[in-house]
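Participant: Each chain, letter by letter, is given below.
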Amino acid sequence: MSTDAQPAVEARLGPVDQIPLGEGRAFLVGDEPVAVFRPRSGGLHALRAICPHRGGPLADGLIDGEVVMCPLHNHQFSLADGTCATGADDVAAYAATEEDGELVVRLR
Amino acid sequence: MRRLVVVGNGMSGARALEEILARGGGEQFAITVFGDEPYGNYNRILLSEVLANAAGDAAQRSSTVGTGEAVDNDDADDLYLNPLDWYDENGITLHAGVRIVRIDRHAKVVLGDDGSVTPYDVLVLATGSRSFFPPVEGMWASNTELTRGVFGFRSLDDAQAMLAHVEGDAAQRSSTIGDSHRTAVVIGGGLLGLEAAAGLQKHGVAVHVVHPTEVLMNQQLEAEASKVLRSKLEQMGMHLHLGVKTNEILTTGDAAERGSTDRGQRRVSGVRFTDGSDLACDMVVVTAGIRPNIGLAMVSGLETQRAIVVDDKMRSVDDDAIFVVGECAQHRGEVYGVVGPLWEQAAVLADVVTGANPDAEYHGSRLATKLKVAGVDVAQMGVKAPERESDEFVQFSETGRGVYQTVVIRDGTLIGATLVGDVSKVAALTQAFDSRSALPEERIKLLFDLGAAGDESAAADLPDDTQICNCNGVSKGDLVACVEHGADSVSACMAQTRAGKGCGSCKGLVTEVVEAALGGAGTEDPADSYYVPGIPLDKPTLMHEIRTRELKSVSSVFAALAPDGREHVGSKMGLTALLRMMWPDDVVDERDGRFINDRVHANIQRDGTFSVVPRMSGGVTDAAQLRRIADVAEKHDIPMIKLTGGQRIDLLGVPKEKLPEVWADLDMPSGWAYGKSFRTVKTCVGTDFCRFGLGDSTRLGIDLEERYKGIEGPAKMKLAVSGCPRNCAESMVKDVGLVAIEGGQWQIYVGGAAGATIRKGDILATVDSHEEAMTITGRFLQYYRENANWLERTYDFVPRMGLDHLIAVVVDDTEGIAAELDARMQASVDRYVDPWAADQTESTPGQFHDALPLVPLPQVPVREGSHR
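Protein chains in written order, with numbering that gives the first Met the number 0: chain A, 0 to 107; chain B, 0 to 867.
Honestly, I wouldn't trust all of these hints.
Computed spacing ranges between beta-carbons, pair by pair [claimed, not checked]:
#1 A:ALA94 / B:GLU483: 38 to 44 Å
#2 A:ASP30 / B:GLU483: 43 to 49 Å
#3 B:ALA822 / A:ARG53: 28 to 34 Å
#4 B:THR840 / A:ASP30: 55 to 61 Å
#5 B:GLU814 / A:GLU98: 37 to 43 Å
#6 B:ARG565 / A:ASP88: 24 to 30 Å
#7 A:ASP88 / B:ARG690: 55 to 61 Å
#8 B:GLU705 / A:ASP30: 37 to 43 Å
Since the hints were derived computationally from the structure, they do not count as laboratory data.
Glycine is no exception: its CB is placed at the ideal position from the N, C-alpha and C atoms.
Whole structure, please, built from the sequences with the hints as guidance.
Facilitator: Structural data, given as structure tokens:
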């Protein structure tokens, strides 16, 4: 979907606290489904919402400070860069920031 | 009132009396008992313990021998089956120390050696048996007295006399033998002889066992089994002389020194074997077998062969007023010398004598014995070895560990088993033996749990392309390659290949393959003992820390106990479950510590939709419920409605955001088909409808489910209740399975499984009531919750803890924690909240928010029913 040819898409998605601490929620940024995570250790992370393995909903996964674990087959993806440590393909990672209490996701 | 006279006050006489009293015989009969030993009755089985234990006070006790005072001795409390008071309380006249010398069957009286004449209407002979003394020169001092230092091992007097000899005569002995250590020769290497030998050894006596054949305990064991036992005993320092007989007992006289010619003053100095060799000793114990006491029956004109011949009602074949029980009875050619048959005989006798069941019959006993011989576990049942060409014989021998096991099978039925050294399978084997039930196709499974998670096939011999993990498609070659590339532990290989990370049933095999590949050079993997991988503590330590630091949230546990306080994704679920179990009142509910299923109280499916299973306790529903379910399914376009293995109705393919609406429309409570929790109780229709039903399985199933619904634990708990041993609810392969049996009882099986692992449950208890079944089930579950590792199902937990241990803790309460377990389970039960009702509105922002926007759901196919 998001190729180099496309311009960067940025979306302001509303208050950060719509994501409970330690969980993830899914959003649409343009036509890209994005899972945004809010670890207890701080920060915000955004990954493409669909697990590259079998299409699992990453936003429903358990997270810690480093990874999200897909609820279907427990593949783990780095929150920082989307790399998979358990043998599946990597997932796209995006930039997520908090600006004035609001969640901002930027597709690169 | 009719008069009942019992001759013989040993174990069988006492047992018969107890059974008679239990059937109201105390009101029917004036009861008189004769025993020629001057005690209340005692447990002969414990004689060897008397011998082994009473090291210190033997000399003191010897002063009370024969006076009856031993009844008051503390050590003897356990030994006596019934103290003298018991006879008074039950209105029984006991003549201890009176020997009955003749029965006048025409006058219906018994004559005592004290001149007494006692009339009877019903007579019970329980004269038992006595030691057999083979004809050996030097054995006897006179017609009735053994040479000093020679002992039988049959009565309390025998045991105490041996103790007195071992402990008390040291001074005298040293003057005659001049030997600083004491030596005993035990003649006869049967069960009793070996027990006597082990008992004497504990007193520091050097023990030699002389046995006429090469096979020790040849009554119970065949040659190979005996060999294993033999090497164990030799390791313990016992001297065994097999295949030799004793020709003579050598004596030394005080005569020359003290000027006496009385042979009674001579004492044992050694034995001479048939090959002419001598062995010096100062004590001889004769355990060369027993002989039934049938003299009284013979002189009174009753039919005797090896013992007194009885019919199926335990009556003498000559006299309907005379019953016989125990070792002096010969039934259908068999004379039994162990307690099991004796109990069965006593019950039949009491049924007939009291009229409680005049048609009761004894049909012989299948012998199954389990015992400890000199510290070695031995179990034996049925035949020792194959007897026919067509008999199957399975044999397992591991002499290094002192383990030997065999089973004998005829026409598909277990007819014999011998276990030496390792008797862990004795319960299952006894069950198969008693019930003549079907046996596994692979007979070796009778001796080993091949199907359990700890599978021990030869991993090293498997070809490289063998798929080890069938969930994630990992071959043996993949694991070996992982090791070759530097992985040095099982968990490292599992993390890299994902082997064992699916259903988990292959973990044992993965461990073996990796360990074989590491060639034993693998690093000891401490992570194996952790409750969850992210916190380096085993479960008891972790629970202790959580309790003492009062950690009530997952994040606080990580902060306090994890390395660098770091969260670990794979540990959250396990910690959440643990905290919810430990703090039922005030756990801090952090929803991010839960798996998605537990966040939305439904089971996630492959397309991200969920399945909804309402509670239907015991699998029982009604028309109104079914109508409502049908309405909900239509309203929400449920793609598939399916019956589950646990007898519930599953509505599949519900998108997350529709869950609260579906729950509200159903207006039924959650069936917990998603949690690591108490799931379902499957039932059969039981006594209400089934013509075979023995117990109300439906009621019990419903009650169990209503009480323990949703209780969370280390893994899911699936239960079943069957109304009879036909077992239609498959109780034997459940985490807890109950089976009604005749007599209003419930058998409680635990640790069964029929999923990724197949395991037949073990019988934890057989209980008498519905209430007890509820309590024991709850207590077992609580013990499991508190002690099982994360994701450890009962089929691994039960064998890990050991059935004996579980029975001790959960049923017999040997640790005194039963009340606490019950209370903690009650606390969890009391705090139960239906999650569907509680989460009708969001508990967290976006709790039911779609996680796959743009993906049209459901993606699962919509399936029609079987009608076309």
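Participant: State the violated hints by number, sorted upward, taking the hints as numbered earlier in the document.
Facilitator: 3, 4, 5 and 8
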